[in-house]
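Peer 1: Construct the entire structure; sequences and hints are all you get.
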Amino acid sequence: MTDAVLEARGLAKRYRRGVLALAGIDLELPAGGITALVGPNAAGKSTLIKTWVGFEKPTRGSVSVMGIDPWRDRSRALAKVGYVPQSPALYDGLSVDDHLDLAVQLRPGFDRAYATQRLAQLDIPADRRARSLSGGQQAQVALALALGTRAPILLLDEPLASLDPLARREFLHVVTDAVRGDGATALLSSHIVTDVEQACDRLIVLGIGHVLLQQTVADALAEHAVSLTERPDAVSSFAAADGSRIWLVHGASDRAATLEEIVLGYLASGRTRTVAA
Amino acid sequence: MATLRLAWRMQRWELAFLIGGPLLLAAAAAFVAWQMTVTLKSLDACYAGGGALSASCLSLVAWSNFLAGQASVLTGATTVVPLVVGILLGAPLVSREIEKRTTLLAWPLSRSRARWLTGRTVPLLVAIAIALLLLGQASEALIRATPPGNLGFPYFAMHGPLIAVRAIAVFGIGVLVGLLLGRVLPAILVTGLVVIALLSGLQLGRDQLMRAEATWVGASEVNQSGVMMYGSAFLDDASGELVTFDDAYRRFPDAFGPLGSGLPPGMSQVYLVTPPERYPVFVAREIGALLIVTLVVSAVAVWVIGWRRPEAG
Chain G
1 MTDAVLEARG
11 LAKRYRRGVL
21 ALAGIDLELP
31 AGGITALVGP
41 NAAGKSTLIK
51 TWVGFEKPTR
61 GSVSVMGIDP
71 WRDRSRALAK
81 VGYVPQSPAL
91 YDGLSVDDHL
101 DLAVQLRPGF
111 DRAYATQRLA
121 QLDIPADRRA
131 RSLSGGQQAQ
141 VALALALGTR
151 APILLLDEPL
161 ASLDPLARRE
171 FLHVVTDAVR
181 GDGATALLSS
191 HIVTDVEQAC
201 DRLIVLGIGH
211 VLLQQTVADA
221 LAEHAVSLTE
231 RPDAVSSFAA
241 ADGSRIWLVH
251 GASDRAATLE
261 EIVLGYLASG
271 RTRTVAA
Chain L
1001 MATLRLAWRM
1011 QRWELAFLIG
1021 GPLLLAAAAA
1031 FVAWQMTVTL
1041 KSLDACYAGG
1051 GALSASCLSL
1061 VAWSNFLAGQ
1071 ASVLTGATTV
1081 VPLVVGILLG
1091 APLVSREIEK
1101 RTTLLAWPLS
1111 RSRARWLTGR
1121 TVPLLVAIAI
1131 ALLLLGQASE
1141 ALIRATPPGN
1151 LGFPYFAMHG
1161 PLIAVRAIAV
1171 FGIGVLVGLL
1181 LGRVLPAILV
1191 TGLVVIALLS
1201 GLQLGRDQLM
1211 RAEATWVGAS
1221 EVNQSGVMMY
1231 GSAFLDDASG
1241 ELVTFDDAYR
1251 RFPDAFGPLG
1261 SGLPPGMSQV
1271 YLVTPPERYP
1281 VFVAREIGAL
1291 LIVTLVVSAV
1301 AVWVIGWRRP
1311 EAG
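Protein sequences, first through last, are from chains G and L. Sequential numbering from 1 applies to the first sequence in our numbering. Sequential numbering from 1001 applies to the second sequence in our numbering.
Hints in this document: simulated from the structure, not taken from any laboratory. Think of the CB as a built atom: it goes at the ideal place given N, C-alpha and C, for glycine as much as any other residue. Treat each hint with caution, since some may be false.
[What the hints assert, rightly or not] Quick list of in silico lysine-lysine cross-link-like pairs, DSSO-like style, CA-CA up to 30 Å:
1. K57/G / K80/G
2. K1100/L / K57/G
3. K1100/L / K80/G
[To be verified] Here are a few chain L residues that face chain G, going by a calculated C-beta distance under 10 Å:
4. R1012
5. L1058
6. S1059
7. N1065
8. F1066
9. E1097
10. T1103
11. A1106
12. G1119
13. R1285
Peer 2: See the structure below:
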């Protein structure tokens, strides 16, 4: 038994058409805080989250939510989880209020007042049908439904992908506020590093089916640097914004690395690994 | 109440057409049945007077003919309605949620997918049962009111509780197919094919059983409608031997000539029929078979939803 609230052990997932989404990953998420799950498209971020929600059955290995296998004991595992899908997936014909009523029906102990208050703070009209809400508002409704469960774990599957910058910021503000206030644990997947940089305490970089980095944001920033000249011990090299080549290294070097550079460096190393494999 | 309200809001148009339609049909059948009863009573009075019919009586004849036409249309529609309602309410119920990805929202909120499925299906099942039971009763009243007025095999699956049970079974099949396919249009088409196969199988089985239970009866017993007739022959009154039409023609050709009576001497015509008393048994059997189908598809649906991915593909 570990202190991890979310765990994956040797987790592999191969889809029916032979696509390997996850290639045997090991992960442990401790309780509390927000963890960013960053990776390119098709890195397996959604698949990983969906195994924790009990949507995908691992081909090999295991996952657990607070020690519970979500595939074997889904109801107990789901009681610990609030989930926000990639696109809000609301019922077109139902109003915001109806969605809250639906959540009350489906989820014992759903905190309607809390969810209503969250939505009221954002001036989202309760009587408006989902289809007439903006993308940002729909995402906020989906988030309010997840928060209303009062689950100790929030799994947010790229909820920012289709939002404009302002909506993204508002969304992250609500997540941060809720997690800090409730002491919950949130896993937020995204392929945009700048979105999560301010909000997250921990970082997981997922390559194509592999975990490339798993560290707190503070440690990652402290332990990495950028070299402007080639280094044999570099994690990888990649093109900087100005087109020049830079090397991500452990320890000190020419200058400190930004979080984006750390992520890019590990993604580049993952690409090399994939090609080599 | 909240469950019903949400079910209505999620599918208001389908419910308006597919539950409202049968209710309107039931109302129309009840109206025609009532009018038919009233008109036929008035016509009896017309014919009791003898002689030529008055203008008002003639208009009553025209009205009764019109009602009889409507009655056959309504009873015909009653056989199709349970299939249409079951397919169009059942097949899209879950497949639309999977197609539109609302399952991604609902399934993690609900601790049990089976409970979610129950919550989605039960309000519709209740609505279907009520609407189709009313339609079945109205259709029964209509068949009774329309001459010859006997229920029975010729009106199989056109009235009574079998209407509602058929709709419920088809609805269950539709839900399962929709759950498996996760796409609305393919689910509707495949459900249609499965239902046609099921009903054809049931009809085949029923026909076999009815033939197996058929007995030879005299012409007087055939006059009562509601029997299912499979053939006719002649009965040698003296020996009790059954004589086919061909044999009878060979032995007594004159009886079938231009001046003949059509009945060989010493023989009476008999018919192979399933007696009308067996009708309730056959209805009960079909209801039982359909309820078993409903239970089986429900159990399979609960099993499938346990492992099914919430997205199409």
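Peer 1: Of all the hints numbered above, which does this structure not satisfy? Sort the numbers upward.
Peer 2: 5, 6, 7, 8, 13
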